[in-house]
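Place chain B on chain A using the hints.
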Amino acid sequence: DAGVTQSPTHLIKTRGQQVTLRCSPKSGHDTVSWYQQALGQGPQFIFQYYEEEERQRGNFPDRFSGHQYPNYSSELNVNALLLGDSALYLCASSLTSSGSGYYNEQFFGPGTRLTVL
Amino acid sequence: DAKTTQPPSMDCAEGRAANLPCNHSTISGNEYVYWYRQIHSQGPQYIIHGLKNNETNEMASLIITEDRKSSTLILPHATLRDTAVYYCIVQAAGNTGKLIFGQGTTLQVKP
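Which chain is which? The protein sequence lines are A and B, in order.
Heads up: the first sequence runs through residues 1 to 117, numbered per my numbering.
Heads up: the second sequence runs through residues 1001 to 1111, numbered per my numbering.
Careful: at least some of the hints might be erroneous.
What the hints assert, rightly or not - Pairs of lysine to aspartate or glutamate residues, derived as EDC-like cross-links and limited to a Cα-Cα distance of at most 20 Å, are as follows:
#1 B:Lys1003 / A:Glu105
#2 B:Lys1052 / A:Glu105
#3 B:Lys1052 / B:Glu1031
#4 B:Lys1069 / B:Glu1031
#5 B:Lys1110 / B:Glu1014
#6 B:Lys1069 / B:Glu1055
Said to hold, decoys possible - Some chain A residues flagged as far from chain B (calculated, every beta-carbon gap over 12 Å):
#7 Val19
#8 Gly42
#9 Asp85
These are computed hints drawn from the structure, not numbers from a lab.
Backbone N, C-alpha and C fix where the C-beta goes; we use that ideal spot for every residue, glycine too.
With the rest of the complex left out, here is chain A:
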């Protein structure tokens, strides 16, 4: 099992450009969450995708958008990049439970390091 994979590992962009980051979830998982981690900070939740739809969203502007494909893989798109978007972008996958009381351990990928110049 390859676990959660993300591509690319590193990326350099300039202000105003657009970027697409990709994530393949752990085998058997159907839910993908994206997090942004600025240097020295804990990860911040961006949004979560389940059944190809955005299910929850954190406090991020509309410049951040995503997509989930039928095979559960996901993309994070960021438009009109700002210097402040420089961060490690983490993808986490999990299995949505059908009942209550079931914890959902999230498995994280290694992240994509985005630098905006």
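Below, chain B without anything else, positioned relative to chain A:
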């Protein structure tokens, strides 16, 4: 905002037990305590979770106080590879949504 409070940093000697505290005084009855850790340049890794009973797995033990307002993660025999940022997170059972990370505790294991 995170519902937990952790010390920013701790040191531990290699081979000794590392005890990482976490305060979660506003925890609700249906909320679990989760611990994740993040080794430098890697994604966070799940360690353990619990509701009100103490829990143990191959990585660590989790001690939750009777009033559930605080907990302690115990790494029984810390190694240099346990050097990482440790995050204590409170989340409702069955909540498939976001994890709210705080600043975490940076544990430095020293030889």
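Hints broken by the structure, by number, lowest first?
8
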